[in-house]
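Assemble chain B onto chain A, guided by the hints.
Number of protein chains: 2
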Amino acid sequence: MSVTDELLANNAEYARTFSGPLPLPPSKRVAIVACMDARLNVYGALGLAEGEAHVIRNAGGVVTEDEIRSLAISQRLLGTEEIILIHHTDCGMLTFTDDEFKRSIQDEVGIKPPWAAEAFDDVETDVRQSMARINKSPFIPRKESVRGFVFDVATGRLSEVST
Amino acid sequence: MSVTDELLANNAEYARTFSGPLPLPPSKRVAIVACMDARLNVYGALGLAEGEAHVIRNAGGVVTEDEIRSLAISQRLLGTEEIILIHHTDCGMLTFTDDEFKRSIQDEVGIKPPWAAEAFDDVETDVRQSMARINKSPFIPRKESVRGFVFDVATGRLSEVST
Numbered sequence: 003m004s005v006t007d008e009l010l011a012n013n014a015e016y017a018r019t020f021s022g023p024l025p026l027p028p029s030k031r032v033a034i035v036a037c038m039d040a041r042l043n044v045y046g047a048l049g050l051a052e053g054e055a056h057v058i059r060n061a062g063g064v065v066t067e068d069e070i071r072s073l074a075i076s077q078r079l080l081g082t083e084e085i086i087l088i089h090h091t092d093c094g095m096l097t098f099t100d101d102e103f104k105r106s107i108q109d110e111v112g113i114k115p116p117w118a119a120e121a122f123d124d125v126e127t128d129v130r131q132s133m134a135r136i137n138k139s140p141f142i143p144r145k146e147s148v149r150g151f152v153f154d155v156a157t158g159r160l161s162e163v164s165t
Numbered sequence: 003m004s005v006t007d008e009l010l011a012n013n014a015e016y017a018r019t020f021s022g023p024l025p026l027p028p029s030k031r032v033a034i035v036a037c038m039d040a041r042l043n044v045y046g047a048l049g050l051a052e053g054e055a056h057v058i059r060n061a062g063g064v065v066t067e068d069e070i071r072s073l074a075i076s077q078r079l080l081g082t083e084e085i086i087l088i089h090h091t092d093c094g095m096l097t098f099t100d101d102e103f104k105r106s107i108q109d110e111v112g113i114k115p116p117w118a119a120e121a122f123d124d125v126e127t128d129v130r131q132s133m134a135r136i137n138k139s140p141f142i143p144r145k146e147s148v149r150g151f152v153f154d155v156a157t158g159r160l161s162e163v164s165t
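First to last, the sequence lines map onto chains A and B.
All the letters of the first sequence, read from the start, carry residue numbers 3 to 165 under our numbering.
All the letters of the second sequence, read from the start, carry residue numbers 3 to 165 under our numbering.
Chain A extracted, bound-state conformation (with noise of 0.2 Å):
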């Protein structure tokens, strides 16, 4: 069996003692950026509940094109107004460089990626390039509360970054 028929499987029991359809705008108003990373469960880190937040997330948790994109959608249309950015320890994005990413797939498939892959050195600094990345941007309106975190994978804290 595929991880993906297991899943699958385990759907099958949470549909089981699912109850909706809920509202389509976040209850809560918030929208959450986050690295994909599978050790960062954004809904049980948080504590958060099915239909309160917007979810967003990618390799780092960085802010791109793509998510100026979903955070314009996710407040001029469905009505979020705080924004959280969580980063975390242990990142696959400090192992390597955009370079030699880049060059890696370039000697294996004979292109080189038009997009930077977005690595960082340091966590910190990178929440806060995300967040000036957001304050930046003309397409999100609402810009009040952007705070940005590192969620720490060996004691699951959530720490605030400074601006």
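One or more hints might be untrue.
One copy or two, it doesn't matter: identical chains are merged, so the pair holds either way.
[Claimed, not checked] Below, a list of computed lysine-lysine pairs in the DSBU-like style, where the Cα atoms sit at most 30 Å apart: (1) K30 / K114; (2) K145 / K114; (3) K30 / K145; (4) K138 / K114; (5) K30 / K138.
In short, the hints are calculated from the structure, not lab data.
Quantities reported herein were computed from a predicted structural model and do not represent experimental measurements.
Here is chain B on its own, set in the frame of chain A:
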């Protein structure tokens, strides 16, 4: 108290019983690309535990350049092999068009976003579009198991999209 502060209080509770750290590579070797929708609790709906899967999310669960970046890092550096795509019923992306959304931003702030909003008018068709973008990408090495699903926000059930 802001919602952000409320969620931080929840985090202190979460950390109290947290046991870590777990290894960096996802133990189930799977990456999930899902919509940011608040009603889609990916860990819950798939019965995932901390450490098992990469979770990538954005408005719509669509595959854009940033999801290709994240999936390339997931597979090439962290060993994932299967990909699961999840869109859902009653999606906000069904309620507008790219042209409308971008024009409304241009009217308000004077700048037209240089990115596609990625709205769609049929969920299953857009799941297939996202699968096609993965299958045509030269940067994603493992395409043996790329499967797409629609999550029903009324029942909590996943339905597979035929290719």
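Results of checking the hints against the structure:
1. K30 / K114: between (41 Å within a copy, 29 Å between copies)
2. K145 / K114: between (35 Å within a copy, 19 Å between copies)
3. K30 / K145: Only inside one copy: K30 and K145 sit 16 Å apart there, 37 Å across copies, limit 30 Å.
4. K138 / K114: both (29 Å within a copy, 15 Å between copies)
5. K30 / K138: For K30 and K138, the Cα distance is within 30 Å only inside one copy (24 Å; across copies 38 Å).
Violation of the numbered hints given earlier is absent; every hint is satisfied by the structure.
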